[in-house]
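Chains A and B, in that order, are what the protein sequence lines are. The letter at position 155 of the first sequence is residue 241 when you use our numbering, and the numbering goes up by one with no holes. The letter at position 70 of the second sequence is residue 196 when you use our numbering, and the numbering goes up by one with no holes.
Hints are not guaranteed to be accurate.
Calculated pairs, DSS-like style, for lysine-lysine (alpha carbon to alpha carbon, straight line, at most 27 angstroms) [said to hold, decoys possible]: (1) A:Lys-288 x B:Lys-328; (2) A:Lys-328 x A:Lys-436; (3) A:Lys-288 x B:Lys-139; (4) A:Lys-436 x A:Lys-357; (5) A:Lys-335 x A:Lys-357; (6) A:Lys-288 x B:Lys-133; (7) A:Lys-288 x B:Lys-143.
Beta-carbon label-pair distances, calculated as ranges [claimed, not checked]: (8) B:Ser-145 x A:Lys-288: 25 to 33 angstroms; (9) B:Val-363 x A:Gly-135: 41 to 49 angstroms; (10) B:Ile-144 x A:Lys-89: 34 to 42 angstroms; (11) B:Lys-133 x A:Glu-271: 50 to 58 angstroms; (12) A:Trp-282 x B:Gly-257: 33 to 41 angstroms; (13) B:Leu-130 x A:Glu-125: 56 to 64 angstroms; (14) A:Phe-326 x B:Lys-134: 53 to 61 angstroms; (15) A:Asn-324 x B:Lys-134: 48 to 56 angstroms; (16) A:Phe-326 x B:Thr-271: 49 to 57 angstroms; (17) A:Pro-273 x B:Leu-130: 57 to 65 angstroms; (18) B:Glu-280 x A:Glu-314: 52 to 60 angstroms.
Which bits of chain B does chain A cover? Going by a derived footprint, with three or more residues having C-beta under 8 angstroms, they are [claimed, not checked]: (19) 155-162; (20) 189-196; (21) 276-288; (22) 305-311.
To be clear, the hints were calculated from the coordinates, so they are not data collected in a lab. We put the CB at the ideal spot given by N, CA and C, even for glycine.
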Amino acid sequence: MKKEKELLKGNYAIAQAAIEAGCQTYFGYPITPQSEIGEYLSEHMPEHGRTFVAAESEVAAINMLLGAGSTGLKTMTSSSSCAVALMQEGLSFIAGDEIPCVLVSVMRGGPGLGYIYPSQGDYYQATKGGGNGDYKLVTYAPDSVQECIDLTYKCFYVSQKYRTPVCLLADGMLGQMMEPAVVGEYPYPEVDQSSWALDGAKGREPRFIASIEREQEGLRKRVVKMFEKYNQILENENVFEKYEVEGAKLVITAFGSIARIAKAAVKKARKNGLKVGLFRPILLNPFPEKIVSSIAQKVDGILDIELNCGQMLQDVKASVAGVASIPVEFFGRPAGMMMTVEEIYEQIEKTYKKIVENKYGTACI
Amino acid sequence: MEQLVYKKPDSIKDDFKISFCPGCDHGVAVRLVAEVLDELGVREDTIGVASVGCSVFSYDFFNVDVVEAPHGRSLAVATGVKRSKPNKVVFTYQGDGDLASIGIGETIHAMTRGEKVTTICINNTTYGMTGGQGGPTTLLGQVTTTTPQGRKVEVSGYPLKVSEILKEVDGTAFVARVTLDSPQAIMNAKKCIKKAFEAQLKGLGTGFVEILATCPTNWKMTPQEAHARVRGEMSEVFKPGIYKDRVSEAK
């Protein structure tokens, strides 16, 4: 039976998708702007015979996820910014343990307590991480309520298939806004976890899940294997949007909610005859460097737009370096204020004239 | 006629190598837990949680599925395991630094929720693995590598009495503090460990046993002197006994 479109708030959409994806346990601690996820699941998980636990802290929540994930069952937590900061130790352990689980990170403004406004200040937190050691937190960034649903599914699937923690990186705007969306059926096959998960050593050798590795060579091999996995994820599970990139002279790079506003500005620019396109990475980590590199070789310049002081900008610059001698400009605004289509359009026009038509001098921030 | 009078419990691995220092009580504690798992017939249904400290290598010994927790987080990890697999037997094996210092929050909250798990805590009044620093249970006057003048109240406060705190937590069903300084004490410790597992198996709440244990290496004592210390100044501050027993009440 095909499900109908309904008016859905981003946070509720994520929560409903988690249930639809077969999430068996949820552990979380309240923080605005994502508290509706836990509220919804506290009511509906028991109805499905699933488990909701109000953790005493985010430190506890992520470690409950470690335990729950070690049994092979789908598990999730959700949080925001300063509270995701508390989870970094646990995420490093979970990555090293190769335990599947999903973290929903609904960014607010920072640093510190910041405030509850939308922000993209936690791109670094998600993709570079605060946990110790060599690991990556695989990260997908939606730009709509529908993508919140579809990518929640993707996060569960990728986490289970590759045995790794996966982050859905949304922001306060996506969490709080309402728009029509469909919570469809979970589209991915179930991945058998029985070869490694803990369920008691009945008729088999005991299993041990840990990040500790006393053999030097063993630790090296483990980390190398993890990074082979990240390469496979980039190869097999990459998701991105290219809009009007073909024939463009200037390409905008942006992710998440601000990319959606930037897309409207790109449409306006095209209407006005400016050859502008948009590249929106949806898989942020591992970063799709090769795609940005190939775009860089065909354009006169790149304008990176973010709701922060220039975080993804560093990955874009690294992708351009060595393959193209083009300017990478930046237009950003930290901590809480969305940019309008008009503001972004003006910046596009200014940058276009400077780079493509070589008319103006300065731009940015 | 041959008669088998002593054997390795099935819940201890065949190829185990003891990595604890000579005279340390960890080995006895691990064996008692393994004997209890055998006697309850739950080895194949058990998932253990290893913590950080000298207890981290418990996975070398226990012949059961084990997941490693970050320092202090064993009871949060155990919560995740038990809530996912409610029919499995879940236990944590932790030191006092892990449970009573960095992990006291997770400990109190998991037990307040009455998680149906069993927790064994080795209290040796020091951080053993890192070389004998002062910790939450270090006695007043005790010399450690970070209390070279002896623990002073005005600098480090008082030793934390875990069993006394956890008996007041509504979700615990069994709380006891035991020693391993004599055969009689060891027999008693085993009975308490068994009850702490029965608390879980009967669904009554969390079972908790605090074991006053020796650390001859860091205390710079012989094993005999170390056990005398357990019997003496340690037992004066940390009084052994059964603090709460809903298991017997439920019988």
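Hints versus structure:
1. A:Lys-288 x B:Lys-328: holds (21 angstroms)
2. A:Lys-328 x A:Lys-436: holds (22 angstroms)
3. A:Lys-288 x B:Lys-139: Distance of about 14 angstroms is within 27 angstroms: holds.
4. A:Lys-436 x A:Lys-357: Holds. Lys-436 (chain A) to Lys-357 (chain A) sits at ~16 angstroms (cutoff 27 angstroms).
5. A:Lys-335 x A:Lys-357: With Cα atoms ~15 angstroms apart, Lys-335 (chain A) and Lys-357 (chain A) stay inside 27 angstroms; holds.
6. A:Lys-288 x B:Lys-133: holds (21 angstroms)
7. A:Lys-288 x B:Lys-143: holds (23 angstroms)
8. B:Ser-145 x A:Lys-288: 25 to 33 angstroms: The hinted range 25 to 33 angstroms holds for Ser-145 (chain B) and Lys-288 (chain A), with Cβ atoms some 27 angstroms apart.
9. B:Val-363 x A:Gly-135: 41 to 49 angstroms: holds (47 angstroms)
10. B:Ile-144 x A:Lys-89: 34 to 42 angstroms: Because 59 angstroms falls outside the window, the suggested range is violated.
11. B:Lys-133 x A:Glu-271: 50 to 58 angstroms: Between Lys-133 (chain B) and Glu-271 (chain A), where Cβ atoms are some 54 angstroms apart, the hint holds.
12. A:Trp-282 x B:Gly-257: 33 to 41 angstroms: Holds, at about 35 angstroms.
13. B:Leu-130 x A:Glu-125: 56 to 64 angstroms: The hint (56 to 64 angstroms, Cβ to Cβ) holds, given that Leu-130 (chain B) and Glu-125 (chain A) are roughly 59 angstroms apart.
14. A:Phe-326 x B:Lys-134: 53 to 61 angstroms: holds (57 angstroms)
15. A:Asn-324 x B:Lys-134: 48 to 56 angstroms: Given range 48 to 56 angstroms: holds, Cβ gap about 52 angstroms.
16. A:Phe-326 x B:Thr-271: 49 to 57 angstroms: holds (54 angstroms)
17. A:Pro-273 x B:Leu-130: 57 to 65 angstroms: At 58 angstroms between Cβs, range holds.
18. B:Glu-280 x A:Glu-314: 52 to 60 angstroms: holds (55 angstroms)
19. 155-162: Not satisfied, violated; 0 residues make the cut.
20. 189-196: holds (count 8)
21. 276-288: violated (count 0)
22. 305-311: Answer violated; 0 residues pass the 8 angstroms Cβ test.
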